[in-house]
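Which chain is which? The protein sequence lines are A and B, in order.
Counting from 1, position 172 in the first sequence corresponds to residue 191 in our numbering; the numbering is continuous, with no gaps.
Counting from 1, position 82 in the second sequence corresponds to residue 110 in our numbering; the numbering is continuous, with no gaps.
Treat the hints as calculated values from the structure; they're not laboratory data.
Watch out, some of these pointers could steer you wrong.
Part of the chain B face toward chain A, derived, beta carbon under 10 Å [what the hints assert, rightly or not]:
| hint | residue |
| --- | --- |
| 1 | ASP58 |
| 2 | TYR196 |
| 3 | ILE229 |
| 4 | SER231 |
| 5 | SER235 |
| 6 | THR238 |
Away from chain B, derived, C-beta distances all over 12 Å, residues of chain A [to be verified]:
| hint | residue |
| --- | --- |
| 7 | GLY111 |
| 8 | ASP118 |
| 9 | GLY146 |
| 10 | GLN149 |
| 11 | ARG156 |
| 12 | MET187 |
Ideal placement from N, C-alpha and C gives every residue a C-beta, glycine not left out.
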Amino acid sequence: MSGANPAQPVTVGEDATRCSELKPCKMQLSGVRKAFGGNHVLNGVDLQIKAGESLVVIGGSGSGKSVMLKCILGLIYPEEGSILVDGRETVGLDTKGRDEVMKKFGMLFQGAALFDSLKVWENVAFGLIQGRRMDRRQAKDIAVEKLKAVGLKPEHGELYPAEISGGMQKRVGLARAIAANPEIIFFDEPTTGLDPIMADVINDLIVECVRDLGATALSITHDMASARKIADKVAMIYQGRIIWHGHVQDLDSPDNDYVDQFIHGRAVGPITDDLKRG
Amino acid sequence: MDSSSEQPVDGTKHNGFQAKLREALEYLLDTCESIGKTIVRLFNGVGSLTYFILRAIVHSFMPPIYFRLILRQLIDIGYYSLPVVGMTALFTGMVLALQSYTGFTRFNAESAIAGVVVLSVTRELAPVLAGLMVAGRIGASIAAEIGTMRVTEQIDALSTLSVNPFKYLIAPRLIAGTVMLPALVLVADIIGVFGGYVVAIYSLDFSPGTYLSQTWSMLEPIDVISGLIKAAVFGLIVALMGCYHGYYSQRGAQGVGTATTNAVVTASILILIFNYILTQVFFS
Chain A
20 MSGANPAQPV
30 TVGEDATRCS
40 ELKPCKMQLS
50 GVRKAFGGNH
60 VLNGVDLQIK
70 AGESLVVIGG
80 SGSGKSVMLK
90 CILGLIYPEE
100 GSILVDGRET
110 VGLDTKGRDE
120 VMKKFGMLFQ
130 GAALFDSLKV
140 WENVAFGLIQ
150 GRRMDRRQAK
160 DIAVEKLKAV
170 GLKPEHGELY
180 PAEISGGMQK
190 RVGLARAIAA
200 NPEIIFFDEP
210 TTGLDPIMAD
220 VINDLIVECV
230 RDLGATALSI
240 THDMASARKI
250 ADKVAMIYQG
260 RIIWHGHVQD
270 LDSPDNDYVD
280 QFIHGRAVGP
290 ITDDLKRG
Chain B
29 MDSSSEQPVD
39 GTKHNGFQAK
49 LREALEYLLD
59 TCESIGKTIV
69 RLFNGVGSLT
79 YFILRAIVHS
89 FMPPIYFRLI
99 LRQLIDIGYY
109 SLPVVGMTAL
119 FTGMVLALQS
129 YTGFTRFNAE
139 SAIAGVVVLS
149 VTRELAPVLA
159 GLMVAGRIGA
169 SIAAEIGTMR
179 VTEQIDALST
189 LSVNPFKYLI
199 APRLIAGTVM
209 LPALVLVADI
219 IGVFGGYVVA
229 IYSLDFSPGT
239 YLSQTWSMLE
249 PIDVISGLIK
259 AAVFGLIVAL
269 MGCYHGYYSQ
279 RGAQGVGTAT
289 TNAVVTASIL
299 ILIFNYILTQ
309 VFFS
């Protein structure tokens, strides 16, 4: 199989994953590298995400998924490489430029990351009030509308995050992510810590919200059910590199030993062999 | 035969010497490495703190300024610290009067008690003790709050919502710390002197009029002003250390705990160091 060497990226349906004039790139990562001390987390990530598509990046714990996401968001600075958003270089942007780019993004964090001192509706409206200086009353109307979109009632808006369940917190996080109608939405492990039914509800909401907004979505997960549900395309990151990138339909015949082991959750295979070799 | 029997002995000696030499060199290298790492860590820490302070100060003066958050912090740091600082000042003033009396009666210098109380309280005790109490109460709370926000990705969430964490989290606390500690110290000055007055009048049988006139005659504006300036610096230190350690808190509950401890310890030590420096500047 061609996946024996993870250093060699394998792309299934290469033409389909590449940007074109008809389907321009919303985001493009080239040779992105990041190390923490001697730990090289990203070893030259190359990835193209087309406008309006939903890409799910899968990979094991510590493979660099979250770091890649944070590099795109400018929360972590990559040491090398280029990250283009709508053709604009975002690595090394000044504060003003970064603020402009950040207005395109919405993000659902793994633990929802709600502000516990604020009510639920204030959390949803936070970016509108504080980031965009919108009037509180107007922002509250939008927050209530977004809460409805994720299946929550206006009364839930008056509660504090500590007073609602984990699944509801994820919904609130999703409502906050879509509150400003972003062009790009990131989902960091959206179903982690949820029961299978609630996970599926969240997956449905993600698909619905992304479709309604016409947004480009980038999700990271190791939940294969979630990946299959929300993805148009799937990429696998391993040892800080994208080793596979293709349509979600091609996921079951990936022609890559690493992807094959990962999606089937096998204890034996090249990933565990690499781990044993250290 | 002799030479062949001696050769291995020499070889063993040689090998033993080499092994000891290697061991000594390794020990030396390890020592140099740990010293080097400590120095690098120290410079890294100083650089990171300086950068943090500069960013924090710049963002405190540049719009947008979150007035609601500043007001909330003014109440948290100022109003809610009032009982702690007030009690500290009251009992410090009372003890000071008692102790001064014990010492000064030996030299028939009871008349100096009022002066000692007012100068000690306004110049040193009120700003330093209020600073230390606020470091314990507010420095710890700031570090724990911001540290928890870091650990639960709330600070990252701020950035993704186009809100600068330095403007939203750090600047209001710095402004409130710098403004409110002088206000607290002014109150502590009054309460501390009042504590001394109460003990002098009701326990040491001083005449109220004489005590008050001795207090006023000893007090110069610089005594109060220097204390207030010290308080502003201490307030800035407490808020800065709380914010800095919380902002760079490591992951997990232990990381937040360490950040909280470091915030209180560094703020307390810096308060004592800056107290000496400022005293030298004002009164040398």
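Results for each hint:
Because the smallest distance between the Cβ of ASP58/B and any Cβ of chain A comes to about 18 Å, over 10 Å, the interface hint for this residue is violated. Among the interface hints, the one on TYR196/B holds; its C-beta lies about 7 Å from the nearest C-beta in chain A, closer than the 10 Å criterion. The interface hint given for ILE229/B is violated, since its Cβ lies 46 Å from the closest Cβ of chain A, which is over the 10 Å cut-off. Evaluation of the SER231/B hint against chain A yields a violated restraint, the C-beta minimum of about 46 Å exceeding 10 Å.
The interface hint given for SER235/B is violated, since its Cβ lies 53 Å from the closest Cβ of chain A, which is over the 10 Å cut-off. Checking THR238/B against chain A: minimum C-beta separation of about 53 Å lies over 10 Å; hint violated. With a minimum CB-CB distance of about 16 Å to chain B, GLY111/A clears the 12 Å threshold, and the non-interface call stands. Listed as outside the interface, ASP118/A is inconsistent with that label: its C-beta sits roughly 6 Å from the nearest C-beta of chain B, within the 12 Å cut-off.
With 12 Å as the threshold on Cβ separation, the claim that GLY146/A sits away from chain B is violated: the shortest Cβ distance comes to roughly 4 Å. Remark: the non-interface label on GLN149/A conflicts with the geometry, its nearest Cβ contact in chain B lying 5 Å away (cut-off 12 Å). For ARG156/A, the condition that its CB be more than 12 Å from all CB atoms of chain B holds, with the nearest at approximately 16 Å. The beta carbon of MET187/A sits about 16 Å from the closest Cβ of chain B, which is more than 12 Å, so the claim that it is off the interface holds.
When held up to the earlier numbered hints, the structure conflicts with 1, 3, 4, 5, 6, 8, 9 and 10 and fits the remainder.
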